[in-house]
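One line per chain: the protein sequences are A and B, in this order. Read in order, the letters of the first sequence correspond to residues 1 to 307 in the working numbering. Read in order, the letters of the second sequence correspond to residues 1 to 542 in the working numbering.
If you're looking for bench data, these hints aren't it; they were derived computationally from the structure. You may find that some hints are simply not true.
Pairs of lysine to aspartate or glutamate residues, derived as EDC-like cross-links and limited to a Cα-Cα distance of at most 20 Å, are as follows [claimed, not checked]:
1) A/Lys-110 / A/Glu-180
2) B/Lys-540 / A/Asp-194
3) A/Lys-153 / B/Asp-459
4) B/Lys-408 / A/Glu-125
5) B/Lys-408 / A/Glu-180
6) B/Lys-408 / A/Glu-299
7) A/Lys-110 / A/Glu-51
8) A/Lys-153 / A/Glu-180
9) A/Lys-153 / A/Asp-171
10) B/Lys-540 / A/Asp-197
11) B/Lys-408 / B/Glu-323
12) B/Lys-408 / B/Glu-396
13) A/Lys-153 / A/Glu-125
14) B/Lys-408 / A/Asp-157
15) A/Lys-110 / A/Glu-125
16) B/Lys-540 / A/Asp-198
Stretch by stretch, here's where chain A covers chain B in the computed footprint (C-beta under 8 Å, at least three residues) [to be verified]:
17) 391-397
18) 404-414
Note that the Cβ used here is the ideal one computed from N, Cα and C, for glycine as well.
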Amino acid sequence: MSENTTTTPQTQTAQTDADPSPTTTTGETVEQTRDEWTDYEFRGEAKMAVEDLDVHYGDDHALKGVSMEIPEESVTALIGPSGCGKSTYLRCLNRMNDRVSSARIDGSVKLDGREIYQDGVNLVELRKRVGMVFQSPNPFPKTIRENIAYGPKKHGDLDTGLLARLLNRSDADERDDLVERCLRDAALWDEVSDRLDDNALGLSGGQQQRLCIARCLSVDPEVILMDEPASALDPIATAKIEDLIDDLSEEYTVVIVTHNMQQAARISDQTAVFLTGGELVEYGDTDQVFENPHSERVEDYITGKFG
Amino acid sequence: MAGAGRTDTRLVESETTETDAVAGVAVGLSAVLFALAVAALFERVSLTGSLFGVPTVTLLGGLLTALGVAVIAFGVGSRFGYVETNPDPSAGLIAGFGAAVPWVLIGGSVASQTLGLGVGVGAVAGVATGAVAFAASVLPREDLGSTVPLGALLGVTGLVFLTGVIGPTWVWELGWAQQAAVTAEFLIPVSTLFSALYGGWASAKAYGGFGARGRHMGAYVLVYVNALSIVAFLFILVAFVVVQGIPGLLNGTEFGFGTGPTTSVFGVSVALPVSVPFLMNGVALFNDFQGVLPAIVGTVWLVVGAVVLAVPLGVGAALFLTEYADRGRFTQVVEVATNGLWSTPSIVFGLFGFAFLIPRFGNGKSLLSGMITLGFMLLPLVVITSREAMLSVPDEYRDASAALGVSKWQTIRSVVLPAALPGVVTGVILGVGRIAGETAPILLTMAGGTFVPGSQTADVIGGFQFTSAPPFVANPELLQATSALPYQLYALITAGVGASSNVGNADEFRWATALVLLVVVLSFYAIGIATRYYFRRRLKHT
Numbered sequence: 001m002s003e004n005t006t007t008t009p010q011t012q013t014a015q016t017d018a019d020p021s022p023t024t025t026t027g028e029t030v031e032q033t034r035d036e037w038t039d040y041e042f043r044g045e046a047k048m049a050v051e052d053l054d055v056h057y058g059d060d061h062a063l064k065g066v067s068m069e070i071p072e073e074s075v076t077a078l079i080g081p082s083g084c085g086k087s088t089y090l091r092c093l094n095r096m097n098d099r100v101s102s103a104r105i106d107g108s109v110k111l112d113g114r115e116i117y118q119d120g121v122n123l124v125e126l127r128k129r130v131g132m133v134f135q136s137p138n139p140f141p142k143t144i145r146e147n148i149a150y151g152p153k154k155h156g157d158l159d160t161g162l163l164a165r166l167l168n169r170s171d172a173d174e175r176d177d178l179v180e181r182c183l184r185d186a187a188l189w190d191e192v193s194d195r196l197d198d199n200a201l202g203l204s205g206g207q208q209q210r211l212c213i214a215r216c217l218s219v220d221p222e223v224i225l226m227d228e229p230a231s232a233l234d235p236i237a238t239a240k241i242e243d244l245i246d247d248l249s250e251e252y253t254v255v256i257v258t259h260n261m262q263q264a265a266r267i268s269d270q271t272a273v274f275l276t277g278g279e280l281v282e283y284g285d286t287d288q289v290f291e292n293p294h295s296e297r298v299e300d301y302i303t304g305k306f307g
Numbered sequence: 001m002a003g004a005g006r007t008d009t010r011l012v013e014s015e016t017t018e019t020d021a022v023a024g025v026a027v028g029l030s031a032v033l034f035a036l037a038v039a040a041l042f043e044r045v046s047l048t049g050s051l052f053g054v055p056t057v058t059l060l061g062g063l064l065t066a067l068g069v070a071v072i073a074f075g076v077g078s079r080f081g082y083v084e085t086n087p088d089p090s091a092g093l094i095a096g097f098g099a100a101v102p103w104v105l106i107g108g109s110v111a112s113q114t115l116g117l118g119v120g121v122g123a124v125a126g127v128a129t130g131a132v133a134f135a136a137s138v139l140p141r142e143d144l145g146s147t148v149p150l151g152a153l154l155g156v157t158g159l160v161f162l163t164g165v166i167g168p169t170w171v172w173e174l175g176w177a178q179q180a181a182v183t184a185e186f187l188i189p190v191s192t193l194f195s196a197l198y199g200g201w202a203s204a205k206a207y208g209g210f211g212a213r214g215r216h217m218g219a220y221v222l223v224y225v226n227a228l229s230i231v232a233f234l235f236i237l238v239a240f241v242v243v244q245g246i247p248g249l250l251n252g253t254e255f256g257f258g259t260g261p262t263t264s265v266f267g268v269s270v271a272l273p274v275s276v277p278f279l280m281n282g283v284a285l286f287n288d289f290q291g292v293l294p295a296i297v298g299t300v301w302l303v304v305g306a307v308v309l310a311v312p313l314g315v316g317a318a319l320f321l322t323e324y325a326d327r328g329r330f331t332q333v334v335e336v337a338t339n340g341l342w343s344t345p346s347i348v349f350g351l352f353g354f355a356f357l358i359p360r361f362g363n364g365k366s367l368l369s370g371m372i373t374l375g376f377m378l379l380p381l382v383v384i385t386s387r388e389a390m391l392s393v394p395d396e397y398r399d400a401s402a403a404l405g406v407s408k409w410q411t412i413r414s415v416v417l418p419a420a421l422p423g424v425v426t427g428v429i430l431g432v433g434r435i436a437g438e439t440a441p442i443l444l445t446m447a448g449g450t451f452v453p454g455s456q457t458a459d460v461i462g463g464f465q466f467t468s469a470p471p472f473v474a475n476p477e478l479l480q481a482t483s484a485l486p487y488q489l490y491a492l493i494t495a496g497v498g499a500s501s502n503v504g505n506a507d508e509f510r511w512a513t514a515l516v517l518l519v520v521v522l523s524f525y526a527i528g529i530a531t532r533y534y535f536r537r538r539l540k541h542t
């Protein structure tokens with residue numbers, strides 16, 4: 001993870017004590033992360049609560065003792081340089097890292113107060129409630145309609161199969177309603193309503209990404225995780241996605257990883273800054289983080305001196 | 001020769017555009033020579049005869065000489081600045097070796113054979129000639145280097161043909177124990193073919209004005225000729241079999257109602273309005289015309305049986321290896337084993353079937369044993385190609401599906417498999433092409449006899465019998481020995497002269513069998529390609 005910075009194991013966010021400051025290979029002093037910088041007080045309920053989250057990929061310590069609470073129905077931006085662990089963090093929130101065989105995850109992540117890293121957690125239910133949108137648009141090579149209806153169908157909520165049609169139990173109307181609702185929510189309906197049975201791969205990149213968001217909405221999640229959803233898109237498509245995220249935050253809890261600091265400043269309610277080495281350095285109100293950060297390193301990063 | 005001389009003067013005096021046209025004509029001339037050489041090689045053009053009123057060999061020689069002179073003229077013209085070109089300092093090592101190889105052969109043969117100086121002197125002379133050609137290619141500027149040695153090669157070859165040093169009846173006895181000889185029928189087309197390639201390459205370079213663009217043109221011509229000749233060879237092969245096979249196939253064919261045999265489709269008897277005895281009869285003493293129906297039906301059932309056996313097993317194994325098994329020692333071992341199985345000689349599979357399957361299925365050769373043996377042969381290719389196809393399904397699809405909370409098996413079934421299907425089908429197509437033509441395993445596991453009577457036609461569907469006692473279903477047809485087309489062909493060829501007393505004109509019968517085999521295999525291909533097209537379409541254009 002850290003190409004140019006070696007941090008000793010003691011530099012964990014949760015335990016700032018009187019350890020001598022470890023130095024980078026270049027001899028620079030790395031300031032200690034302080035608890036109060038990440039201790040973000042917000043009004044309302046915490047949708048997700050992460051405590052002392054450590055992630056190793058093999059020998060690589062990707063995330064070091066991260067603790068943060070994510071408030072309900074808001075947009076939380078995760079920013080930081082490449083390889084700082086923010087995507088890893090995001091993928092821990094719906095246990096997508098379980099799919100990486102070399103990953104080892106310690107710590108606690110709670111959704112509505114219920115631990116998701118324990119035996120007996122229903123991953124299907126978890127991922128239905130915590131949906132994810134990926135960096136590059138990845139619609140299935142199916143029709144637009146099938147892309148949206150895929151999740152609910154596989155969960156048995158919609159049955160439009162041959163047998164259901166023969167028994168006159170087909171949910172085709174419910175499916176079409178769902179498709180329209182999700183596409184409207186993802187601000188795509190007007191553009192594709194006349195070609196729902198075309199292959200989704202024929203859409204433009206921005207449309208594909210909004211289709212992926214619509215697909216994510218189809219299983220009615222509570223939290224939506226977005227991993228740099230606009231990084232592969234042009235400015236116009238990016239603006240549409242940003243508007244969409246703004247709308248979504250009225251109903252959903254959105255956590256978004258982004259490289260684009262202007263974007264984070266524009267759309268997020270609170271911002272978490274990860275810096276090289278997999279530490280959460282600062283977490284707080286977006287305005288405060290961008291205008292008046294506690295940490296010097298964060299200030300350097302935001303003003304472009306480091307990263 | 002006069003024509004070539006005129007080319008020369010015109011080239012020297014002309015503008016660039018005309019030069020281009022002449023160089024283009026030279027490239028075209030090479031193509032014509034290439035085609036003539038191929039035609040002569042396949043005896044579609046007689047070397048002893050004449051074309052357009054000129055003896056063939058003389059015509060070839062004249063054209064080669066003209067091409068050679070033109071090529072040299074290009075180079076010289078360019079060197080002395082009469083033609084605007086953009087040559088590199090040297091033609092390069094590859095061009096040097098390319099020019100050296102034919103000159104080694106020419107120098108060696110002339111010294112050792114024509115002049116009779118013996119092998120040792122011949123070898124030295126060959127190497128010396130080659131070295132001169134190499135130096136002549138590499139040392140001068142590119143325009144001379146890539147034209148003069150090759151143009152001289154073309155000129156020498158052409159003059160040898162023109163002057164009749166090597167005529168249509170020329171033979172070179174090699175004096176080996178096997179009584180091998182190089183005949184004019186082989187040497188003239190082959191040397192014309194290679195000379196035409198060299199000439200085409202050199203004149204294409206000239207056409208491009210040498211330099212980078214010239215090299216591009218040269219490579220373009222070579223690649224194009226290569227692709228064309230592959231298509232041409234395929235076409236010639238198919239056409240050859242068709243031409244030879246048609247008479248035997250249509251032997252005794254009749255049209256009209258009631259002429260054909262009666263067959264039943266879903267219980268309804270239908271008399272076919274056409275009778276093609278070769279396709280509709282077996283071999284029997286009282287048949288007017290003999291046929292290979294049992295072998296056709298046997299081949300079709302073999303392939304169907306093998307596919308039904310191998311595809312589910314193979315796709316399942318590939319699924320396990322790509323989606324479930326951790327990548328490690330075990331999957332590597334399985335991978336090596338499947339690759340090894342695919343390259344295992346078919347006779348080994350046949351022997352396995354003979355020793356293992358036959359004693360377990362009624363102790364006699366049977367259709368079922370053949371199906372299983374060929375199924376085993378098909379299995380590794382299905383595993384390999386399915387695995388490749390599944391690995392090439394982007395992980396993004398799996399991630400997207402997992403993020404929606406869809407279980408692994410459902411993801412595989414509704415996302416991975418559909419995306420991998422075209423690749424799987426490609427593998428099955430390739431495999432079917434191989435097993436449908438296999439002779440050895442069939443010989444050992446299911447072949448009944450050389451001349452199979454119509455009564456041995458396997459009626460697999462009609463053969464199912466249902467009983468009230470276990471095992472509830474039986475199919476004696478599957479346990480009967482029958483024939484398949486490749487084996488039938490092999491048996492007919494090895495049956496020797498006696499075959500004619502059984503099947504009439506044995507030669508016609510063999511070619512017709514070969515044609516039917518070809519058509520059956522190509523039909524399987526067509527079905528496979530149509531299936532693949534269907535699945536691809538569903539992925540891309542729905």
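Going through the hints against the structure:
no.	hint	verdict
1	A/Lys-110 / A/Glu-180	violated, 32 Å
2	B/Lys-540 / A/Asp-194	holds, 18 Å
3	A/Lys-153 / B/Asp-459	violated, 43 Å
4	B/Lys-408 / A/Glu-125	holds, 14 Å
5	B/Lys-408 / A/Glu-180	violated, 27 Å
6	B/Lys-408 / A/Glu-299	violated, 44 Å
7	A/Lys-110 / A/Glu-51	holds, 8 Å
8	A/Lys-153 / A/Glu-180	holds, 16 Å
9	A/Lys-153 / A/Asp-171	holds, 10 Å
10	B/Lys-540 / A/Asp-197	holds, 12 Å
11	B/Lys-408 / B/Glu-323	holds, 9 Å
12	B/Lys-408 / B/Glu-396	holds, 14 Å
13	A/Lys-153 / A/Glu-125	holds, 14 Å
14	B/Lys-408 / A/Asp-157	holds, 18 Å
15	A/Lys-110 / A/Glu-125	holds, 14 Å
16	B/Lys-540 / A/Asp-198	holds, 9 Å
17	391-397	holds (count 3)
18	404-414	holds (count 6)
Hints 1, 3, 5, 6, counting from the list given before, are not met by this structure.
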